[in-house]
Each structure stands twice: as structure tokens, then as C-alpha cells.
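Student: Protein sequences appear in the order of chains A and B.
My numbering applies: residue 1 is where the first sequence begins, and numbers increase by one.
My numbering applies: residue 1 is where the second sequence begins, and numbers increase by one.
Read the hints as simulated data drawn from the structure, not as lab findings.
One or more of the hints may lead you astray.
To be verified - Keeping only pairs whose Cα atoms sit at most 16 Å apart, straight-line, the calculated EDC-like set for lysine to aspartate or glutamate is:
hint: 1; chain 1: A; residue 1: K116; chain 2: A; residue 2: E143
hint: 2; chain 1: B; residue 1: K172; chain 2: A; residue 2: E275
hint: 3; chain 1: A; residue 1: K116; chain 2: B; residue 2: E50
hint: 4; chain 1: B; residue 1: K172; chain 2: B; residue 2: D236
hint: 5; chain 1: A; residue 1: K116; chain 2: B; residue 2: D236
Remember, predicted model here, so these are calculated numbers, not experimental data.
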Amino acid sequence: MSNSSSAPLTTADGVPLRVSLRRAIRRSKLKALLLVSPLLLFLGIAFVMPIVDMLWRSVDNPEVSSTLPRTVSALDGWEGEALPGEPVFAALAEDLREGQQARNLGLLASRLNYEKSGMRSTITRTARRLRTLEPPYREALIEINDTWGELDTWRLIQRESSPYTLSYYLAAVDRQFSPQGEIVPVPEYLQIHATLFWRTFWMSAVITLATLLLGYPVAFLLANLPLRHSNLLMILVLLPFWTSLLVRTTTWIAILQSQGVLNDVMVALGVIADEARWQMIHNKTGTIIAMTHILLPFMILPLYSVMKTIPPSYMHAARSLGGRPFLCFRRVYFPLTIPGIAAGGILVFILSIGYYITPALVGGQSGRFITNYIAYHMQTSLNWGLAAAIASILLFVVVVFYWIFNRLIGVDKVKLG
Amino acid sequence: MKKSLMTKGATVAAMGLSTLAMAVAAQAETLNIVSWGGAYSMSQQKAYHEPWMEKTGDEIVNIDRSGNALAGLRAQNQAGNVTWDLVDMLPADALIACAEGLIEPLDHDQLLADAPDGTPPTEDFIDNSLTECFVPSIVYSNIVAFNTEMFPEGKQPSTIADVFDLENYPGKRTLLRKPINNLEWALVADGVAPEDVYDVLETEEGVQRAFAKLDTIKDEVIWWEEGAQPPQLLADQEVAFGSAYNGRIFNAMVTEDQPFEIIWDAQVFELDGWVVPTGKLDKVKDYLHFATDTQRLADQAKYISYGPARKSTSDMVSTHAETGIDMTPHMPTYPPNFETAIPKDDEFWADNNDELTQRFNAWLAQ
Chain A
1 MSNSSSAPLT TADGVPLRVS LRRAIRRSKL KALLLVSPLL LFLGIAFVMP
51 IVDMLWRSVD NPEVSSTLPR TVSALDGWEG EALPGEPVFA ALAEDLREGQ
101 QARNLGLLAS RLNYEKSGMR STITRTARRL RTLEPPYREA LIEINDTWGE
151 LDTWRLIQRE SSPYTLSYYL AAVDRQFSPQ GEIVPVPEYL QIHATLFWRT
201 FWMSAVITLA TLLLGYPVAF LLANLPLRHS NLLMILVLLP FWTSLLVRTT
251 TWIAILQSQG VLNDVMVALG VIADEARWQM IHNKTGTIIA MTHILLPFMI
301 LPLYSVMKTI PPSYMHAARS LGGRPFLCFR RVYFPLTIPG IAAGGILVFI
351 LSIGYYITPA LVGGQSGRFI TNYIAYHMQT SLNWGLAAAI ASILLFVVVV
401 FYWIFNRLIG VDKVKLG
Chain B
1 MKKSLMTKGA TVAAMGLSTL AMAVAAQAET LNIVSWGGAY SMSQQKAYHE
51 PWMEKTGDEI VNIDRSGNAL AGLRAQNQAG NVTWDLVDML PADALIACAE
101 GLIEPLDHDQ LLADAPDGTP PTEDFIDNSL TECFVPSIVY SNIVAFNTEM
151 FPEGKQPSTI ADVFDLENYP GKRTLLRKPI NNLEWALVAD GVAPEDVYDV
201 LETEEGVQRA FAKLDTIKDE VIWWEEGAQP PQLLADQEVA FGSAYNGRIF
251 NAMVTEDQPF EIIWDAQVFE LDGWVVPTGK LDKVKDYLHF ATDTQRLADQ
301 AKYISYGPAR KSTSDMVSTH AETGIDMTPH MPTYPPNFET AIPKDDEFWA
351 DNNDELTQRF NAWLAQ
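Extracted from the complex, chain B is given alone in its bound form:
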């Protein structure tokens, strides 16, 4: 009798323990992470998400909505039901979202991991890249690439001016259906020095000059809207040149063996990184700490040719995870690629995007 009571007690205790264990397990959470999809999300999946899920048991749901992230954040905020926990966003959008109070201001030194040698984050991230609400993870670049099979040997294009030269380099071009990058390139092709581009664009004559240059190739342009389109159009030889994100072209070159080459001349580079929707900081701060540390950023560079945003990763960029090729010369920040690079001026575009986009659309509709 007594024994059976004791067994009962033990069973109850065991049950209690197992409930406790379940409670601990139940703390594993589901994180809704918004990003760009495609090869880029895949690199995040391999470098950040999978190790994190293994470590904590959390589940990470990828949502490919970064293209319209600002609209999404606004709508969720107005509806009072924010379902996104962490958002991958461009710094220009982050500035706007931050000013509207849609995302959390971040104390970078407190939230983020130090470099392995103890350098605090504010010194380890690329200079001026940490803004009030934004943590960068990569440097990517907008470039023009071409299909080498469409030009005879010895007559391959090499500069941005060649993209605007229909006589020597005939064929269709595909460009992003936005004024961003296209106006900068038009000016450089027209003889403006890369460092003066935004000074010229500030003036009405400069904008006219850029549109006049774009006019010269307008009939030969197919406009793209999704990042996956230009590599596809290049591969199908529907176009000879295509503007694109450098990582997508790299991906097509190494994993699909496409005969593409990147024109690094006048690449327009910028950062991309994380923002935390208002009210979600407690939920994601551990993940954010993990996903932006030096090792994780270096790991990501094994999967896609975007430069890590921390200085402490510079010796750690190695070889591609699948093909084993050296990643260094494919990075936007590799010195020979970087000579004529244009840093995208977020403030210029924050001010002028509304008007220039309307002007660009009106120009397209002509």
C-alpha cells in the first residue's frame, strides 16, 4: 500500500518534471523574418537561420517581402497588428521608417556582439554604416553585366559608357524600372566623374542631361522589376547588357556556369541590413546579436558575393561553399573593382525619389 503510494508520488513528480521540460521547450519561438528571397535569402538561411534553429530550437519563417517592406511595416503599424519580427531593409527605407517610429532605435554597442578581438561594434562596422535604427549586414552593388557570347572576342565592353554606346555594342539592354542607378550611370557615361554625380544631379540641368543620355538608348531597353529577371534575360540572350545586383550575376556565373561578366566601372554600392519593428526588440535581440556577429557575416560570404559589413571579417572571406572558388575578386569591395565605385547617396534619394520617379515614369510613358 505504502509502496504504491510512493510509486504514485514518483509518477506525479515525473509528470511534473516532464511538464517543466515541456514548458522549457515551449519557449522556443517562431520568428517571422522578412527578406529579399532568391539567392540572398538562401545565403541567410545557411549562414544565420540554420545554425540558430539548431542552437535554440526556434523556428524561422522566411517572408520574401523586403521589396515592399516599408509599405508593409506602415500597414501593419496602422492596423495595430505587427506580425513581422525582423526585417531586412535598405538604409534609405530604414531612415524613413525610423523617422516615422515604425522601427526600434537600437543601442548598437549594447545589443551587438564585439569583434573577436574585442573591438566594439560601433568601431567594427563599416564607418557611418550604423544608423539610429539600422544594423547593416552586407555591402552589395548595382552593376551592369553582359553576356560574353554576344560580343566578338577582342571587342568586349568594359566601361559604363559602353552600355550607352549602341554603335559599337549593339543589342538590347535591360535596366531597373526606377530612376535610381540609371541616372547616375547616364551621367558617368556622359563624362561626369563618379564622385561628382550627385552634385550634378542636384541641378535641373544635370537631371535633364541624365534623361537626355538615357533617351539615346531608350528604344533598346527592356525594363525589369524583379531581381531575378536580368540574369534570366541575359541567359536567354534576349539582352546583351543587364543591370543587376552583383550577387545574382555571381550566382548565375558560378552555380549555373553562365558566360556572364560584370562591368565594375561605376558600380553603385550600398548597404543592406536589419531593422526591428517597434515592439519586437525583446523577442529578436538574441537572434540579432547572433546573426550580426563576425563569424556569421563571414559565413554568409561563402554563399553569395556580398561584402560583410564588419571590418573584422576582412581576413575571413574565403572560398565559395559549393564550388570552392576564391570569393575575394567577386566582392564589390575588392580594390580593382572599387576604383570608380559610387556610394549611393541615401539622402539625395530620400529627398528626390518621389519627384524623379514620377518624372521617370512620365518619361517612360512618352
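So here's chain A without its partners, still in its complex pose:
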């Protein structure tokens, strides 16, 4: 009898209860997983894979190692002090011949031309004359193009022969490898990306601040007006939110341009002279005004959702204890809204550093963001590695901001109404 009391509990069909329970839990977990699997699949394909691909492209460097394999291995152990010997040149001639047949010298030429202007024609010109090329290759190649006689060319090939590179990241922050392999700033006349990163960040901060100053009173009214009025106000906030981004951006062009509505009114009122119309668009001002308007709802809604939960009795209590209105606001109400401010701030800030179409349309020269250069490198210069590196840096910055936000406030505070 004592045995039976220590025997495990079993279900009706004799399976131990613990096993049966575990099985049931596993089954329900599996069911839950099946239910969310379409979403997981979608996220994987549409979100995770592109990001992984982008990060990969920002360091991927297959051109030299795959197109010039013989040259790379012949250069192995070369010290970079004197011009390499005949075997390296012979290997190059062989590699170029093969590349010419496979028609993939173009990618190699583009890749090397990013690092050293003139490499494109060096390679295409050499490729055109391969058929008549005869040993000794060293003299023959240098005769076709002087570039093959420069130490820097060979140092470049050796440096870029590894399948991964940091060059794109360096270019993204206006740095480069010197021929000796040290990291140095690019010449001043080529520096542009660092300026644009900095501009993107400070203008996004200004936009965030502007949305806060404009949105805070609106959110307060939304949360405290009688329902009838606040509903109407809510519609006024949401209507522009539902309107196409392009429509709102081009409307600002119509309002702000030098022959636009606002300038016309000001001239008609005699505030400004006809010749001295304000330049409010195609510059930083245009970008800040248009983006503040477009991103305003993303500040108002999280603020509203926090303010809605603050019981009016807190303020009444503070007042009844003798606090002046401003003191009550500062000491009681405002601290309670900080999670809303932080949530709205992080939303607006992150959205605005990634904004692309509005700065492109109303930013002119001075109001462009780094995102416009990502687009430029994707579509025009076709330097996708550099585009990926710039985008990865932006991603990294966003993750850092998100991490800070989560530590200070907690991401569960973000609510959109």
C-alpha cells in the first residue's frame, strides 16, 4: 500500500499526469505558433531579411577577390614597397582575360573607381587590348596604362582583396584608407556625409521640439474639453493625419513659395515689399515647417493618451492646497505627462530622421537630409554598398535612441490614443 501512495498520479488511460500535462501544453503552444506563423513569415520576409541584406551589403566586398583571384593570391606576401614582379602582372592579365569572357569586369571597374578615380577606364582600356597582349606582361600593361605602374594601384587591389571591407563605412563618415592603409579624412572638398548626418539630427530635434510646443496645448484641450468639443477637435487632428503626405507637402509649397499665398498676403498688407519676399521654401525653414505639420499628430496622440489618464482631482487637490495655477501645473500635471512627452518625442524624432520625400520636395539645397543621399546612392551613383552603410548607421542610431528611451521611460508607455 505504501508503494501505491508514492506512485505517480496517472490519467484515466494510465499516462502519468505530468507527461500528459506537458503534452497538452506543447500542443496548445504549437497551435498558437501556427496561428502567428503567417505574421512571423511576413515579418521575416518583409522586415528581417531586407535589414540583414542591407547590413550584409554594407560590408560585402566580393568584386576584387572573385574577379581577380590569381592576382590576389600572387600578391600574397607582397610588402607594398616596390612594384610587384612579372608573376603578378601575368596573373592580372589572365584574370582580366577571364573576366572579359564572363563579362563581369564592369563591377570590378566600378568598385575600384569608388576608391580611386580613373580605375574604370584603366580596366576597360586594358580589357579592350587584351587580345594583342603578350609577355612580358609587366611592361605591356604599364605601356597600356600608367596606372598599372603606380604602387597605390596595387596597394588598393591588395587592400580590397578581402571579401569584407570597411571602406563603405569610412566613406559614409567622410573617411578613407590612405594608400598606406591608415584611416584618414577625405579632402575637405569631398566631405559631405558627416555634415548631412549632423544636419539630419539637429533639424529632427528642432522638429521634435516644435511639435511638442504646438502639440502639448492641443493634447491638453483634447483631454479636458467636454466630449462634444473634444470630438470635433479630434477630427481636426486626424483629418490631416489621413490626408496623403504628398498632398500636404505640396500644399506647403503653394503656401510658402515666393509667389505663394503667404507672401502675397504679406505684400498686400504692406508688411513686406514686393521685391523683398520671404524665402521660406527650398531651404531649412521649408523642411522644418512642413515636417512639423506632417508629424504633429504623432506627438499629439501619445500626449493625449497619457493626459486622458490623469484624474482631474489631482489638479483640484493641488489647487485646494493653495498652489498657484502655474505651480500646480509644473509640480503636479507636467511630471505626470512626461511619459507622453517622451513617447511622442521618440516617435517624431525617429520618424523624422528617416524622412525622405518631404525634405526632397521642400528642402532645396540646405534642407536636405542624409536620407536623400541614400536615395541618391541607390538610384544615381549606384554605389549600393555606400547607401547600405549610411542606412546601417542610421539604423544603429535609431536602435541606440530606442535603447535609451526604453531604459529611461519604458517602451510600454507608447500609445497612439
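With the hints as your guide, set chain B onto chain A.
Tutor: The following block gives chain B in isolation, referenced to the frame of chain A:
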């Protein structure tokens, strides 16, 4: 009974025939042709596409993506799904696309039509214009135009140096937001002979000199990015000068009666033409043969003032299709227009475009 059987047979036969006819009709294809849009695509529509559709029943879809054609070809090629059948492209981009294997190498004498007198294509097209993967169709030109109403009579600009002379020719200018053309013009305005421009630009001092010259007008420049912008800005008198493609200015002058004039001094001319994405040659070779023959190229010159790329068209350029004006003096290749012309150096730009564009953008951002 027998009769009805026979009728049945006849019906079946008729049905078979009609299926056959449908099969023949079904061979008519849809060609996705990429070009530049605007007045230029319209000239291709009238001169090539419409006669071809009438002749074959094919359908031609115009896609206005030539501005980013190289990026598009690369992306389609990497995705393994090339949807473009024929692409209108600049020769510099064609060189790059060809070296990357994105477009087909072409056997010009075999693929293209002979001139009416039997001259083979390799001799009939402008010298050195046929490259491995490229068939030119036109010669166009980058010029600066001005609005004649913005300058007093007797003080109208006439040279590229005038564009850089703010004192005598005040007003805003609009220029392409790229270093191409602008650096060449800056040097010519600074006294460099048109034929020496690229030798000077090869040197660091030359590039500095060009940027220094551009500096003198930088504050007065509105930068354009779409070909349709300069004629619009000129028409609105927002600018006094505008760099543009000569065909667009011509179009505004004759069809919209705009008071524009072209400064032909130091025009930078180049070719434009067709390339075939890899794997599409069989599908488009008949069309390509048709659209690049002498008659079609001559026809196109009735709609837009771009010079045909075949020598055999030289006697065939006549009058504008709508207004009837003589096209000859509006062509970039018309001798008085051509005296100081600069042939765009594709190889120089293939080598230096990356770096000079970055330098140009940094200069703009200053």
C-alpha cells in the same frame, strides 16, 4: 444525314481555321520600351511606335525611366526578372551596363538596316558612334537658353561667358544639379578653348578653376533636376538663363511661342540611343531594325530638333510636322551652331563622375 455530317465537318474546319488565325494574331507582342518621357518620347511615339504598331499589331508600352535606367537594369538583373525589352540610354551608361553584362552585345551590320543606297550601318552611322552594346538614334545637345524679354534690345547675351557675367547680364540662372556640362562651361567662360576643356579638367588645378568660376554665380543659381524644369522657369521669368536639352527649348519656342533663344556657343553634344537588356534580343530585334532605319530617323527629326545619327538622313531633314518651319537651323549639327561645340567625353565622365559629383554636392552644401 450525310449533309449534316458534312456541315459539321465544315464547321469544325472553320473553327480550326479561326483558331489558327487567333494563334497568328496572338503572336503580336507587347514591348516595354523605356525612354525619357516628354517631348522626346512623343517624337519616338510618332516616328517609330505608331508606324510599328500599325504594321505588326504589337503593343508598345512607354516607360519613362531612362533617367535612372542603369539602376533599373541592375536591379532587374539582380532580381532575375527583367521586364524591360528595350531601353533608351546615354552612351556613357551603356558602356557601364555593357561591361557589367546587363545588356546584349550587338552585331550592328547584321542587326541594323542598310542605308537606302546600300551603305552598311557601320559606315552609315556617325563615326565611332556604334559601340559594343549601343545603337545611337540621335545627336542632342546641352545648351544654355535665355528669355529674350529679360534683356534690353541690343544687349542680348550670345556667348557662354555672358552666362557667367552677372554685371552685364543680371538675373537668376538655372543649371543642371550635376557637375556634367557646368564644369565644361565654367572653363570655357574662364577662357579655356573648347577643345582643351577635358585636358584642363584632368588636372586638380583645372577642377579648382572650374569650381572657382562657378562660385562667382553660385548665389544666383537655381538647380534643376528634371528636363521639364528649365523651360518652365524661363517661361515664368523666374530665371533669365537656363541650361537645358536643346529639343525642349525648341519645343517651347515653336509649339508654345515662348520668346527663348539658344546660345549655341560651347554646346556640349552627345548621342542617345538604344540598348537591349540581356536576353531580350530575339524579342526586339525586328523592332530595332525598323526603328533605326534611315526613314524612321529622318521622320523623328520632324517632331524634335535632335540630329539623326545616320549620315544618310542628312538630305531628309525637312520641316516641323506641326508648324512647317525649317528644322535645319535648329539642329545641333547645323554648321553655324557647331563651331565651338564640345563633344562630351564619355570616358572622362565614366572615370570621374563619382568623385566630381561628390565634390559638386559638397560644394553645393557649403
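Student: Now tell me if each hint is right for this structure.
Tutor: So, going through the hints one by one against the coordinates:
Our distance criterion of 16 Å between C-alpha atoms is broken by K116/A and E143/A, whose separation comes to about 20 Å. At most 16 Å may separate the alpha-carbon atoms for a hinted pair to count; K172/B and E275/A meet this at roughly 14 Å. Distance check on the hinted pair: K116/A and E50/B sit about 46 Å apart at the alpha-carbon level, beyond 16 Å; violated. At roughly 12 Å between alpha-carbon atoms, K172/B and D236/B fall within 16 Å of each other, so this suggested pair holds.
Taking the CA atoms of K116/A and D236/B, the gap is near 43 Å; set against the 16 Å cutoff, the hint is violated.
In the structure shown, a violation is registered for the earlier hints numbered 1, 3, 5, in ascending order.
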